[in-house]
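Undergrad: If you want the building blocks of each chain, they are given just below.
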Amino acid sequence: MAMSSQPARLKTDTFVINLGPQHPSSHGVFRIRATFDGEIIVDVEPIFGYLHRGVEKLAEGRTYTQDISLTDRMDYTSAMTNNLAYVLAVEKLMGVSVPERAEYLRVILAELNRIVSHLMAVGFWLNDMGAGGFTPLMYCLREREKILDLFEMVSGQRLTVNYMRVGGLLRDVPDEFLPPLKRFVAEMPGFIDEYEQLLSENEILLARSKGVGILSAETAINGSVVGPMLRASGVNWDLRKADPYSIYDRFDFEIPVGTVGDNYDRYTVRIAEMRQSVRILEQAIAQLPTGAVRTKLPNILRPPVGEAYGHIEGPRGELGFYLVSDGSIAPYRFRVRAPTFINLTVLPDILIGWKIADAVVTFGSVDICMGEVDR
Amino acid sequence: MTVALSPQELANRIGEQLPEAVVEAQETALFVKSDSLLDVARFLKSTPNLDFNLLVSISAIDYLEYFELVYHLTSITHNHSIVLKTRCDDRDKPTVPSVSGLWRGANFQEREIYDLMGISFSGHPNLKRIVLWEGFEGHPLRKDYL
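Here the protein sequences come in this chain order: A and B. Mind the numbering: the first sequence is residues 1 to 375 in the working numbering, read in order. Mind the numbering: the second sequence is residues 1001 to 1146 in the working numbering, read in order.
Honestly, the hints are just simulated from the structure, not real lab data. Please note that a few of the clues may not be correct.
[Unchecked claim] Have a look at the derived ranges for each label pair, beta carbon to beta carbon: (1) B/D1039 to A/D43: 31 to 37 Å; (2) A/T12 to B/N1079: 48 to 54 Å; (3) A/G190 to B/N1049: 43 to 49 Å.
Here a beta-carbon is modelled for each residue, glycine too, at the ideal position from N, C-alpha and C.
Using the sequences and the hints, build the whole thing.
TA: This is how it looks when you write it as structure tokens:
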């Protein structure tokens, strides 16, 4: 029998690997069902819900003030900004104004929280990547501790702060709050410099992140991607500038944007945003007025019948609360527009076509928090 | 500052292209027929000086007599926004057209609404439960689910 003159082609089947639900890189219970052709990812399906607690349903059975503690437990690394988004929505619903001092303190706490969240995002991302091992994360956690100490000082809690209230804050900050805050703000730029000096030109970091996991601006906008991920793709969209809430229009700061939207841009945008947060903190501390921190309101809130959508630029993007009131003491509908949940829409776009080793790094750069994705 | 476009003005403009699509221009929202939702959405997205390129959020509310869907749309290019609303009266088999073909960002949100509120989205590429497991009975966010 004559042999075919064609060289034999090696036929391979695609195969499926589950990354997760228990995987060190997911920082929570999250599963990526990935299909591989050899080492290349050809299909990705994110599967989640393992941490679903039914926050939206729970909130319908609690009063407006009690619901603040539920927001703490969504994105548990940024409880202050979650509180802020929610109380802004209720204030919009009720038409309540907030004392000046409370506005400034809210901005200070929200920006501190942004730094905490970005430190965690960057630290864990480098940890996943293996750029310098465990050390970069420990550097980040060192600075994070200083902020968590401040949170503990004002609220008694490090993570689930439950500190903001409709009409202001739970109570004024203690006298011993400002000196360490000022010290932190003075030290932080030096820390970021040191960090960048150690890592931003690190060979492993560059090799693993430059040009990897590229997300185009069109795909990002079409997929409703928000926050540092959207800005890394070169879109200048930050609600603090685009639709200033609270008193953000009084501060001078810039919106860092990336150029190509790869993993490296997502890293540099977060680093640059921390610098801008420090700038806002400096101005807010300098302008901080004295006075009351809470508008007098009844203990049990009964917003008028209606609906309101309150949103902020959280550390991970636009966090919105859509509240519907039927005039009773509990919200009729409590809808959360969770940034990381929607950011996951574009996960296949940034993973498909890359190797399995890139999946962990790219997924880490999305910076999700399962408490918020699943709610 | 994001400018909230006047629903009345927008309703007039849509009326020129799509008569009978708009039911009512409310004070803060544009209320459209669920049959014409996709056409209105396409008009809002593709008209150059409207250019609603960012679908911020989709919310579903159960009012017992009907379901209401609320779409928050924003244009990053022009920095303006509009709230689009539609209703679905059929409680047994509520169905509205999916907008995930226009904005992919709707994909997970529509799945979440399908999962928790039990509203089907026709034309959705992968309509299945997202936070609860397959085989779960009922839709917890409905007001009659206890």
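Undergrad: Now, for every hint given, state plainly whether the structure supports it.
TA: Hints and how they fare:
1. As the Cβ distance of B/D1039 to A/D43 is approximately 32 Å, the hint placing it in 31 to 37 Å holds.
2. About 50 Å separates the C-beta atoms of A/T12 and B/N1079, a value consistent with the hinted range of 48 to 54 Å.
3. Against the hinted window of 43 to 49 Å, the Cβ-Cβ separation of A/G190 and B/N1049 comes to about 48 Å, which satisfies the hint.
Hint compliance for this structure: every hint is met.
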